[in-house]
Every structure is written in C-alpha cells, then in structure tokens.
Amino acid sequence: MRAARLLLIVLIANGKQLPQNRRNFMRPEGLEIENLHLWRGERHVLRGLGVSVPRGGCLHVAGPNGAGKTTLLRAACGLLYPESGRLLWDGRDVHEDLPAFHSALIYIGHEAPLKADLSARENLHYWVGMRRRIGRGALEAALQRVGASAWSERPARTLSAGQRRRVALAALSLLLVPLWLLDEPTTNLDAAGQRLVGTLIEEHLARGGLVLAATHHELPLPRSRVQRLELTDG
Amino acid sequence: MDEAGNSALPSGAAPVVGGATVWADAASVLDAARLVLERDLQLAMRRRGQLVQPLAFFAIVTTLFPLAISPELARLREVAAGVLWVAALLASLLALEFLFRDDAYDGTLEQYALSGQPLTGLMFAKTAAHWLLTGVPLALMAPLAALSLGAPAGSLPGIVASVAVGTVALSLIGSIGAALTLGIRRSGVLLALLTLPLSLPVLIFGARASELAIRGESYLAPLELLAALAVLGITLAPLACAAAVRISLE
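Order-wise, the sequence lines are chains L and V. Counting in the working numbering, the first sequence tops out at residue 268, every number present. Counting in the working numbering, the second sequence tops out at residue 263, every number present.
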C-alpha cells in the first residue's frame, strides 16, 4: 500500500493520467475514472489510474499483453471492485446504482458471448432481447449490416472467430446504449470488418456515445478522434 | 444530442441521451427472465444427451437395489421411499454441474450481470429451467421406479407430488452451490459436499411423504413442509445465487 501511495504521489507530481478536474457546477457528462487502484491476487495491476472521457469521446486503451487492459475495462463496467478510487458516470458514482449504469453500457470481451448450439440470429434474439424488445425487421437489418445474412441460421459453433465477432457487432448496433466497452474489437476481423468497426464507432461518437476500446492494434479511426491511454507492464 | 446522428438510427431506437438510456421498448424483468428460461430450454432440446444422463442414472440406481437387497417385494417396499429419494437427490446433483458451467465459459453469465436487469430474477429463471429439465422428468419417472420397488399403485400420486415439490427445493439449494463453485475446476465433489448437507431437510421430509404414501396413510404434513422449504428456497436462493455469481465474475 505504501508503494502504491508513493506511486500516486509521483503520478500527481508528473501531472500525467489525472482527470482534468472539472470544477464547474454542471454535472460533467461522460465517464471519469479517478485514482483507480486494483489488485489481482498478488499483483497490483492498476496503480492510481485516472482518466476522463467526455460524451462523444473515444478512449483507446493501449499497452502490451498483461498490462491490464482487460482488467481496466472490466473495472470500468463495474464487474471488478477496485481497492480504491472512483468510477463516475455523468458525475455519479456508478457503484451507487449499478443496474442503472449497466443498462447504459454494453461490454464485449475477447470472445463474443455466443451459445455454440444456437444460431447467430437466435443468439442475438436472446442477448439483445433481454434488454430491449426488438422486432424481426431490426434484427434482420442488423444482421445484414454486419454481413451475417448468409450464415445467420448456422449454429455459432460452426462460425469462424471473425464471424462470431461480426455477430457481436450486430448486437452493438442494435443496443445503442451510450457506453461501449470493447475488448480487442478488431481482432480476427478482415479489412472490411475492421472498417465496419470504425464506422460503427464513428456513428456512435457522432450521436454522443462514448467508447472505451482496449487493443494493442490501432483503432480504425482518425487519430484526432481518439484519446490514447498507454498502460505499461508492472 | 445530435440531430444528424439520430436520423441514422434504426426505427424504434432511442437516441443516446442522458445518464441512463430509457428505451420506449425496454425489456422488463419478466421479458428478460422469460428469455433466459426459453434459451435454457431450447439449448437443452439441442443437447438431449445431457438431459437424459441424470434420468438414466436415476433409473439405474433404483433398479440396482432390488438386485442387491432382495427381490421380495415386501422387503423392498420397506426401503422403497429411502431408495427413491436418495437416487433422486443424487440425480439432481448430477445435473447441477451443468447449470452455470457453459454460461460462465462462453461469457453469457457476464452479459446477464451487465444487462441492467436484476440478476436475482435471471437466476431464478435459470433455476426454474433447471427444475423443468430435471425435477419434472424425475417426478414423471418416479412412479416407474416406485413400482419396481414394490410400491402399491395407490401411492403413486403421493410419490409424484413429493418428488415434484422436493426437487424445486433441491434445484434452488443446488443453484447456490453451483454458483459458489463456479471458479473452481473439477468442482463436482466440492459441489456435492456443499449441497448434500443443505439438502438433508428435503431428503427427510420427501422420504417421509413417500413412505406414508406407500403405507397408504396421509402424507399431507411432510408434503406441506416440503412446499414450505420450496417457498423458502424461492425467496432466498436466487438472492444468494446472484451474489455468488457476481463474486465469481470478479
């Protein structure tokens, strides 16, 4: 703990990775992470991390394997409880009302959460339907948009990793919740698929959405649109 | 927020405004729970082998006893209730391992926890699916097993009722154990060690109800106690189960 505090002081002294404190009276809109410390077992993974992403902003969490990108994302969606630090969504601590925060976000991990025995369409029906009543038309349109129409009836176990990821993209485009947390969104996708990720993210930012994407690749977006957070190992 | 952005949204989609998104067509807890139940039933239909295993186990265990003890119906009848209930308990335990395993593995459980819907309700739906897939078939098979153990035909309604109600409680108790052992590899034995002691009341009242039914006496009192246990389980178990699932996701 002493080491952690020391590190924090160093960080403050450097003025790096600290939230731009908005001390105005308006509620800041967006996601703010303040002084996050998180341990995984014996490892101190996130050490005094702070970052602020406004509405319409995209944060690219970069860093080598094992630097804590996924951990940060899982902490940001409230699955992990940090040892100290705060997570604010539109100025409110998310742990005060987790269900409300969760209904404002979608998290997609390394693997699309698909049932191997269900088809792409059935998977989407259950996954998205739990949160929003969607009609058949909207579902078909989303499947078509990600190029899944041809294989939407096949069981997910016969789909390639890239195809599974496309199904996850369809869920993103159907849910349209404000906060997207994406772990390696471009992995396994072909060039057209990666462009699609870029387009979806840009559309989302344009309507005031917010994206946190963890990847060691470049995001398929203009650099000016992306805020970058570099995590270092250890 | 952005008029140009909104026009590009699919029909029926709410624009992204404010802290929480309020859909005109947001799914209610009941919608979500119904979908969880439907999904589990549909998955079970696609994977019937997994469904049949506990039933086959139940059938085999109950037919082993006449071979091991004695083929005399009078002697079998004395142990029938106990045999039936121990076999049903072990069979429902056998199916428990699958309750959350696949969901945890493929990330579905994470999506449940992040859906913004109360996890307690979703876990209740999952347990209900588990009961429909193991408890109900066991209750339907119990008469066959009971007859082979020498139970009179008049006792069958009581036996079916006690197994049907008792397995509700067993599924609920088991769901807590299954959720608690989620992070552990080869959790089978630990799951049994956790769940079996908690299942003792169900075993005692269930076996008693069946025994009274076989003797031709009124089995209402133990059956009501079983129902009370089931109601207690319905109110408390999904809460504990949801908490354990959240811990496993950390």
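Since the hints were derived computationally from the structure, they do not count as laboratory data. Quick reminder that beta carbons are idealized off the backbone N, C-alpha and C, glycines included. Some hints could be false.
[Stated by the list, open to error] Computed footprint of chain L on chain V; a stretch qualifies when at least three of its residues, placed anywhere within it, have a C-beta under 8 Å from a C-beta of chain L:
hint : segment
1    : 93 to 106
2    : 248 to 257
[Claimed, not checked] Quick list of simulated restraints, FRET-style, between CB atoms:
hint : chain 1 : residue 1 : chain 2 : residue 2 : range
3    : V       : Glu-230   : L       : Arg-191   : 49 to 59 Å
4    : V       : Leu-157   : L       : Arg-191   : 48 to 58 Å
5    : V       : Leu-80    : L       : Asp-131   : 58 to 68 Å
6    : V       : Val-42    : L       : Thr-233   : 50 to 60 Å
7    : L       : Pro-133   : V       : Arg-114   : 44 to 54 Å
8    : L       : Gly-181   : V       : Asp-38    : 24 to 34 Å
[Stated by the list, open to error] Short, incomplete list of chain L residues facing chain V, as computed with Cβ under 10 Å:
hint : residue
9    : Val-85
10   : Gly-97
11   : Ala-101
Each hint tested on the structure:
1. 93 to 106: violated (count 0)
2. 248 to 257: As far as the segment 248 to 257 of chain V goes, the hint is violated, because 0 residues have Cβ atoms under 8 Å from chain L.
3. Glu-230/V - Arg-191/L: 49 to 59 Å: Holds, at about 53 Å.
4. Leu-157/V - Arg-191/L: 48 to 58 Å: 35 Å, violated
5. Leu-80/V - Asp-131/L: 58 to 68 Å: 60 Å, holds
6. Val-42/V - Thr-233/L: 50 to 60 Å: 34 Å, violated
7. Pro-133/L - Arg-114/V: 44 to 54 Å: Given a distance of about 26 Å, which is not inside 44 to 54 Å, the answer is violated.
8. Gly-181/L - Asp-38/V: 24 to 34 Å: Holds: the Cβ-Cβ distance is about 26 Å, inside 24 to 34 Å.
9. Val-85: Interface hint status for Val-85/L: violated (19 Å vs cutoff 10 Å).
10. Gly-97: 22 Å, violated
11. Ala-101: Since chain V brings no Cβ nearer than about 20 Å to Ala-101/L, farther than 10 Å, the hint is violated.
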